[in-house]
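Chemist: Protein sequence lines, in the order shown, are assigned to chains L and P.
Residue 1 is where the first sequence starts when you use this note's numbering, and the numbers rise one by one after that.
Residue 1 is where the second sequence starts when you use this note's numbering, and the numbers rise one by one after that.
Just so you know, the hints here were simulated from the structure itself, not pulled from any lab data.
Just so you know, these numbers come straight off a predicted model, no measurement behind them.
Beta carbons are placed, not taken as given, at the ideal position from N, Cα and C, and that holds for glycine.
Mixed in with the good hints there might be a few duds.
[Unchecked claim] Pair by pair, the computed Cβ-Cβ distance ranges are:
1. 70/L - 7/P: 22 to 28 Å
2. 6/L - 50/P: 16 to 22 Å
3. 31/L - 62/P: 36 to 42 Å
4. 20/P - 73/L: 28 to 34 Å
5. 7/P - 1/L: 21 to 27 Å
6. 55/P - 96/L: 48 to 54 Å
7. 13/P - 81/L: 24 to 30 Å
8. 32/L - 83/P: 16 to 22 Å
9. 28/P - 101/L: 19 to 25 Å
Here are the chains, one letter per residue:
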Amino acid sequence: MTEISYTLTIIFVVLGTFFMFIGSVGVVRLPDFFTRSHATSKSDTLGIMLIVAGLMFFEGFSLNSLKLLIVFIFVALANPVGAHALARAAFKFGVKPWFKKESGEKK
Amino acid sequence: MELFFIYAAIVLTIIIIIPFYRVVKGPTVFDRLLGAAAIGTKTLVLILLLGFLFKRLEMFIDIALAYAVLNFISTLIISKYFSTEKAKND
Chain L
1 MTEISYTLTI IFVVLGTFFM FIGSVGVVRL PDFFTRSHAT SKSDTLGIML
51 IVAGLMFFEG FSLNSLKLLI VFIFVALANP VGAHALARAA FKFGVKPWFK
101 KESGEKK
Chain P
1 MELFFIYAAI VLTIIIIIPF YRVVKGPTVF DRLLGAAAIG TKTLVLILLL
51 GFLFKRLEMF IDIALAYAVL NFISTLIISK YFSTEKAKND
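My request is simple: use the sequences and hints to build the entire structure.
Modeler: Below you can see the structure in the form of structure tokens.
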């Protein structure tokens with residue numbers, strides 16, 4: 001039984017770390033504020049939820065597992081809301097979105 | 001299993017350092033804020049892993065929850081402030 005929970009924990013934590021690494025690279029590499037916001041909100045939320053789910057598998061049924069479930073639900077609700085509020089504030093502030101340049105245009 | 005958590009915490013620390021580039025060198029204010037929010041949400045997971053390493057999980061989960069709420073509230077308040085601030089370039 002413990003081997004199954006350990007294996008599930010290792011798989012979930014490695015997957016979550018992978019998605020969080022993709023989110024970090026996206027924050028640095030993408031060209032515009034809105035694309036960066038898209039990268040960090042979605043993949044970071046997925047990575048955190050995967051890691052917390054893996055820790056719940058490691059913990060088993062207990063009070064700590066219930067608290068981890070509360071962390072899971074809070075992150076799933078609050079992280080996209082924060083990213084959306086930030087993007088809305090940037091759009092109202094007047095940050096220009098990034099467009100792909102025309103192929104014939106030299107600029 | 002403790003060794004796995006130690007390695008996961010080390011890799012997570014390296015992942016947390018990466019968005020500091022965007023915080024230092026963002027063209028606008030919002031890029032810096034986005035980098036700071038990304039660092040905060042990743043630090044939440046690092047605090048949970050540290051709780052497993054120190055074997056005081058019930059205390060560290062409360063700290064992580066308070067940290068998540070603080071990060072969320074600060075992002076909301078700062079974005080509200082900057083949306084009422086009108087742009088200087090229009």
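Chemist: Taking the hints in turn, state whether each one holds.
Modeler: How the hints compare with the structure:
1. 70/L - 7/P: 22 to 28 Å: holds, 27 Å
2. 6/L - 50/P: 16 to 22 Å: holds, 19 Å
3. 31/L - 62/P: 36 to 42 Å: Roughly 40 Å apart at Cβ, these two residues keep to the hinted range, so it holds.
4. 20/P - 73/L: 28 to 34 Å: holds, 29 Å
5. 7/P - 1/L: 21 to 27 Å: Given about 24 Å between the Cβ atoms, the range holds.
6. 55/P - 96/L: 48 to 54 Å: Once the Cβ atoms are compared, 51 Å apart, the range 48 to 54 Å for residue 96/L and residue 55/P holds.
7. 13/P - 81/L: 24 to 30 Å: holds, 27 Å
8. 32/L - 83/P: 16 to 22 Å: Because 18 Å falls inside the window, the suggested range holds.
9. 28/P - 101/L: 19 to 25 Å: With Cβ atoms ~20 Å apart, the hint holds.
When held up to the earlier numbered hints, the structure conflicts with none and fits them all.
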